[in-house]
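Counting in our numbering, the sequence shown runs from 1 upward without gaps.
Derived from the structure by calculation, the hints contain no laboratory data. In this text the structure is predicted, and so the values were computed from the model without any measurement. We treat Cβ as the ideally placed atom computed from N, Cα and C, and that holds for glycine. Check the hints yourself; a few may be wrong.
Said to hold, decoys possible - Just the calculated beta-carbon pair ranges, DEER-fashion:
| hint | residue 1 | residue 2 | range |
| --- | --- | --- | --- |
| 1 | 283 | 20 | 21 to 27 Å |
| 2 | 12 | 94 | 33 to 39 Å |
| 3 | 56 | 236 | 28 to 34 Å |
| 4 | 283 | 177 | 54 to 60 Å |
| 5 | 31 | 184 | 18 to 24 Å |
Stated by the list, open to error - In silico lysine-lysine, DSSO-like type, Cα no more than 30 Å apart, as pairs:
| hint | residue 1 | residue 2 |
| --- | --- | --- |
| 6 | 153 | 7 |
| 7 | 7 | 265 |
| 8 | 48 | 204 |
| 9 | 204 | 54 |
| 10 | 54 | 7 |
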Amino acid sequence: MEQDTAKTILQPPSTYLLDFNRVSHPLIEIITLPQIHHPATAAACVRKIQSILKAVDAVTTGMELGGLRADVNVSVRERHQTRNPAATHSYSGVTGLGQRTEIKNLSSFKSIEDAIVAERDRQIAVLEAGGAIEGETRGWTIGSTATTRLRGKEGEVDYRYMPDPDLGAVLVGDDLLHYLRDTLPALPDETAARLVAAYGITLKDAKTLISLEGDRVEYLAEVVERTRAEVAATAAAVDTVTTTTATTTNHNDNNNSDDLASSPKVGRTAANWILHELGGLYASTSTPFTPQR
């Protein structure tokens, strides 16, 4: 847990501005072990963390709106060469790592992938040319093809933060942990499985609905409920008309309409409409999605 300090804004060529608008805002940092070996896996990891945090109301917006940021540490080594002189670094018990660099404040999943690819390629080029990787903090600009040096690291930990003597330790008791476990809302994997079972949609569409802004899952449930009610009402009207002509025909039509109202086809059609037709309409106008609209 940290408090935000300030944001540095570079004004080329050599002017730096400090933005103090977020000073003292509370931050929680989640750190993974160095066990991710592909840029797409790193992006998927952050995407999964974001979906879990959103599900439990720990964040209110996604990466693109500033609710979450990612700092990425990148190091390279020759494959199967954990004893290589260049692979002598370690982190939290994981050994045989190369010298890492840190890329700060990545604001989208695509930025995570692109920045890792660029920094990986830069480090490989440096090592193949006989150079050495320096421990440093680097930056990334959307649309660029290379990371840029921001500052060097004076040591393994270079934050130079000081503990506040007026802030006591935060002690989390077992009673709080049990309460949180018992009151947690459904997590993304549970919600995805429920959508697949209830509406007959694909797992891919279920995950997409969960990941999108604007309560699309709740909106899907409302659309399906209203559609099934309309189908049932239409079937009842048709049933009333056909009752005077043939009892057998009335019975069969009623069964068919009941089957249609409860059919997974309604859920699949509603999901496709929300994801593609309605989603495309909102995307084309750059309008944020809200169920009230």
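Does residue 7 sit within 30 Å of residue 54, going by the straight-line distance between their CA atoms? With Cα atoms ~25 Å apart, residue 54 and residue 7 stay inside 30 Å; holds.
Indicate whether the distance between the beta carbons of residue 12 and residue 94 respects the range 33 to 39 Å. 38 Å, holds
For a C-alpha distance cap of 30 Å, please report whether residue 7 and residue 265 respect it. Violated: residue 7 and residue 265 sit about 50 Å apart, past 30 Å.
Taking 30 Å as the top limit, are the C-alpha atoms of residue 204 and residue 54 close enough? OK: residue 204 and residue 54 at ~19 Å, within 30 Å.
Distance restraint evaluation - residue 56, residue 236, Cβ atoms, bounds 28 to 34 Å: 42 Å, violated
Between the alpha carbons of residue 48 and residue 204, is the straight-line distance 30 Å or under? Cα-Cα ~14 Å, so holds.
With respect to the beta-carbon atoms only, verify the hint that residue 283 and residue 177 lie 54 to 60 Å apart. 41 Å, violated
Honestly, do residue 31 and residue 184 meet the 18 to 24 Å range at C-beta? 22 Å, holds
Are the Cα atoms of residue 153 and residue 7 separated by 30 Å or less? 18 Å, holds
With 21 to 27 Å as the target window, see if residue 283 and residue 20 comply at their CB atoms. 35 Å, violated
Consistency with the previously given hints fails for numbers 1, 3, 4, 7, ordered from lowest to highest.
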